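J.: Starting from the given sequences, assemble the full structure and let the hints guide the process.
There are 2 protein chains.
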Amino acid sequence: MRLPFEITATDPGSRARRGSFLTAHGRIETPTFMTVGTRATVTGLDPADLREVGAQVLLGNTYHLMLRPGIELFRRVGIHRFMNWSGPVLTDSGGYQIFSMTGDRTMHERGARFRSYVDQRMHLLSPELSIEMQTAIGSDIMMVLDECIDSTSDEATTRAAMERTHRWALRSLAARTSESQALFAIVQGGVVPALREESAAFLTQQPFDGFAIGGLAVGDARAQREDVTALSAELLPRDRPRYLMGVGTPPDLVHAMGCGVDMFDCVLPTLLAWQGTAFTSTGRVKVTRAECGRSDAPLDAACACATCKQFSRSYLHHLFKCGEPLGSRLLSKHNLHHYLALMAEARAAIEAGGYAAWAKEKLAAIDRHEHAGGGRA
Amino acid sequence: MRLPFEITATDPGSRARRGSFLTAHGRIETPTFMTVGTRATVTGLDPADLREVGAQVLLGNTYHLMLRPGIELFRRVGIHRFMNWSGPVLTDSGGYQIFSMTGDRTMHERGARFRSYVDQRMHLLSPELSIEMQTAIGSDIMMVLDECIDSTSDEATTRAAMERTHRWALRSLAARTSESQALFAIVQGGVVPALREESAAFLTQQPFDGFAIGGLAVGDARAQREDVTALSAELLPRDRPRYLMGVGTPPDLVHAMGCGVDMFDCVLPTLLAWQGTAFTSTGRVKVTRAECGRSDAPLDAACACATCKQFSRSYLHHLFKCGEPLGSRLLSKHNLHHYLALMAEARAAIEAGGYAAWAKEKLAAIDRHEHAGGGRA
Numbered sequence: 001m002r003l004p005f006e007i008t009a010t011d012p013g014s015r016a017r018r019g020s021f022l023t024a025h026g027r028i029e030t031p032t033f034m035t036v037g038t039r040a041t042v043t044g045l046d047p048a049d050l051r052e053v054g055a056q057v058l059l060g061n062t063y064h065l066m067l068r069p070g071i072e073l074f075r076r077v078g079i080h081r082f083m084n085w086s087g088p089v090l091t092d093s094g095g096y097q098i099f100s101m102t103g104d105r106t107m108h109e110r111g112a113r114f115r116s117y118v119d120q121r122m123h124l125l126s127p128e129l130s131i132e133m134q135t136a137i138g139s140d141i142m143m144v145l146d147e148c149i150d151s152t153s154d155e156a157t158t159r160a161a162m163e164r165t166h167r168w169a170l171r172s173l174a175a176r177t178s179e180s181q182a183l184f185a186i187v188q189g190g191v192v193p194a195l196r197e198e199s200a201a202f203l204t205q206q207p208f209d210g211f212a213i214g215g216l217a218v219g220d221a222r223a224q225r226e227d228v229t230a231l232s233a234e235l236l237p238r239d240r241p242r243y244l245m246g247v248g249t250p251p252d253l254v255h256a257m258g259c260g261v262d263m264f265d266c267v268l269p270t271l272l273a274w275q276g277t278a279f280t281s282t283g284r285v286k287v288t289r290a291e292c293g294r295s296d297a298p299l300d301a302a303c304a305c306a307t308c309k310q311f312s313r314s315y316l317h318h319l320f321k322c323g324e325p326l327g328s329r330l331l332s333k334h335n336l337h338h339y340l341a342l343m344a345e346a347r348a349a350i351e352a353g354g355y356a357a358w359a360k361e362k363l364a365a366i367d368r369h370e371h372a373g374g375g376r377a
Numbered sequence: 001m002r003l004p005f006e007i008t009a010t011d012p013g014s015r016a017r018r019g020s021f022l023t024a025h026g027r028i029e030t031p032t033f034m035t036v037g038t039r040a041t042v043t044g045l046d047p048a049d050l051r052e053v054g055a056q057v058l059l060g061n062t063y064h065l066m067l068r069p070g071i072e073l074f075r076r077v078g079i080h081r082f083m084n085w086s087g088p089v090l091t092d093s094g095g096y097q098i099f100s101m102t103g104d105r106t107m108h109e110r111g112a113r114f115r116s117y118v119d120q121r122m123h124l125l126s127p128e129l130s131i132e133m134q135t136a137i138g139s140d141i142m143m144v145l146d147e148c149i150d151s152t153s154d155e156a157t158t159r160a161a162m163e164r165t166h167r168w169a170l171r172s173l174a175a176r177t178s179e180s181q182a183l184f185a186i187v188q189g190g191v192v193p194a195l196r197e198e199s200a201a202f203l204t205q206q207p208f209d210g211f212a213i214g215g216l217a218v219g220d221a222r223a224q225r226e227d228v229t230a231l232s233a234e235l236l237p238r239d240r241p242r243y244l245m246g247v248g249t250p251p252d253l254v255h256a257m258g259c260g261v262d263m264f265d266c267v268l269p270t271l272l273a274w275q276g277t278a279f280t281s282t283g284r285v286k287v288t289r290a291e292c293g294r295s296d297a298p299l300d301a302a303c304a305c306a307t308c309k310q311f312s313r314s315y316l317h318h319l320f321k322c323g324e325p326l327g328s329r330l331l332s333k334h335n336l337h338h339y340l341a342l343m344a345e346a347r348a349a350i351e352a353g354g355y356a357a358w359a360k361e362k363l364a365a366i367d368r369h370e371h372a373g374g375g376r377a
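In order, the protein sequence lines correspond to chains F and V. So that you can map any letter, position 42 of the first sequence is 42 in my numbering, and since no number is skipped, the others follow by simple counting. So that you can map any letter, position 135 of the second sequence is 135 in my numbering, and since no number is skipped, the others follow by simple counting.
Source of the hints: derived by calculation from the structure; they are not laboratory data. Misleading hints may appear alongside valid ones.
Claimed, not checked - Incomplete in silico selection of chain F near chain V, CB under 10 Å:
no., residue
1, Glu72
2, Thr157
3, Arg159
4, Gln310
What the hints assert, rightly or not - Computed list of lysine to aspartate or glutamate pairs in EDC-like fashion (alpha-carbon distance at most 20 Å, straight line):
no., chain 1, residue 1, chain 2, residue 2
5, F, Lys362, F, Glu351
6, F, Lys321, V, Glu52
7, V, Lys309, V, Asp119
8, V, Lys309, F, Asp49
9, V, Lys321, F, Asp119
10, F, Lys309, F, Asp119
11, F, Lys321, V, Asp119
12, F, Lys362, F, Glu345
13, V, Lys321, F, Glu351
14, F, Lys309, V, Asp49
15, F, Lys360, F, Asp227
What you are looking at is a predicted structure, and each value in this text was computed from that prediction instead of being measured. Note that the Cβ used here is the ideal one computed from N, Cα and C, for glycine as well.
T.: Structure representation (structure tokens):
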């Protein structure tokens, strides 16, 4: 088995590590934040925008892509050519989307049965079909299909879902046909430490290229999420990348990197952008507020992104007030730049051996701005 | 009075002319198509996109901009800095928007009274206020406020509106305070040749920097529009730019350039793009049609735009089917490139002295594709 993950620096004051993961479409410098492009597009942004903000890896979603444009298209052209993105792509398996669905879906040992929002027909997403679909998509990193549950579920439910996730992980490994596409397993077990230990022990016996921590950011409180993250990261082998799925806010990332997590994804920077909220060095800013309409200053004077270099708060306010899509696009670019610059800073801090001090200062600054009225949008 | 318009070539077989018009923000090469950015934004596109498609001049709208963001903002920063566009900007006066309004608006000798869609209050847009607003906006070319009517109105109504437009044109001239901003008058007179002659004779006695042909593309048939365009262009002085407002389709532009028209604007390329329709060298293409979803070819194999170089019809189809705004943006860039490349070709044909032959071939090709099923969307 190939081991494409390399650790180049570790932090003396924390578990943070600096590394890189080699994929068929280039090297990923870790820790990294992956930009969410669910439907083979990061809403409103083209590949030039993504390069400009410093995106390394895009995340697509098997569930959405199997429904539209469908597997036939991906058998002709992979996702890289389809969306004209030459860098690495990770595909999520669809497990989380099926968990999030309201309405017509049932979970079986074979897989998840659900009704398509595109053609209203019933589909079965099995571990094997998810791998077949991800193979056709041609992502650089594939994820096993897992059974997600609410993190407030009782222990019996949590155990049953974890055990099914383990069986599905073995079926996913068996279904894999492409050696050039990495395959990551997903540790489950909710917020029960013993189950997390059991899950990690089981999955790390198998030849996966990396391990994800799943089932967080689904109803859990921040302190609980931090505890489970710290515990789970410690249980995972040092020589494989650790991916914390669906997390999170900047403080979440700073904390998790200190626990030795290498990869993240979250819709927050783009989702909040489309709702008119910007992350800035002095807290969150809602650009639709009247005071933004009167300000000719940039969104964030400390930010080097193209939006802050070119446009004022009053212009962004104007675009949002007019319902003009350029506003959301400019804010998406800013928010992604904010996240990706944070990751670049973190990588530099680990290289310099000063991650623990950097993280402490960063968390204190974010906390200070949130309490000073920047607030949470 | 300065005469910043220079004619550098004329076509022996038509009235087409090649020129340039010097503004405070650079030279406009004519004939030119101006990109519509009504609310200080060309929907979805940033200045880099606009430069990429070859945009020379943007068109903003006084009516919309006075309501939002309002004159106070423009007294602080002009439109160039506001939207980060360093090239020429033309502002329409608001006359056409008030004509197009349904609901609460009345026309008076003082100006147009209407209810704001932003704050529901009554506003009066007078010729003087329109100039004051355009002066604050800082556009390079200002338009006089005119009274627009349906081109199917009776002759008495058409004459009354034309005469008011003349009085308003004189008031606009008197209200002008900035010599660095050009001011264009608007010839009216509906589809009545005698009125068009009277209007042109009156207005061309005044020291305007250019003359527009207004009141077309508002209910008139193509043949009638072509006749009035030919007549009006001939009535306008050779040494000033001629601007045909709100027109039109590619054949409209090709015809009007042959009549000696120098400037155009139209929402069609961007409006159709947001509806999923592309102009191509082989006719219009509706990208939401199922056959586009199965095609890995570019929108237009003969097109050199970034959209055609980077993306397939199936990707554009996918984006539109998902309601993803990147689809409209990529199609807008393509359609604007299509228009702007047509204008560049026309300028080259005039320079080469072969406009008449080029235009004949171009119109025949468009006609052929439209009848071959490319069709009108």
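J.: So, against the hints stated earlier in the document, which numbers end up violated here?
T.: Hints 2, 3, 6, 7, 10 and 13 are the ones this structure does not satisfy, whereas the remaining hints hold.
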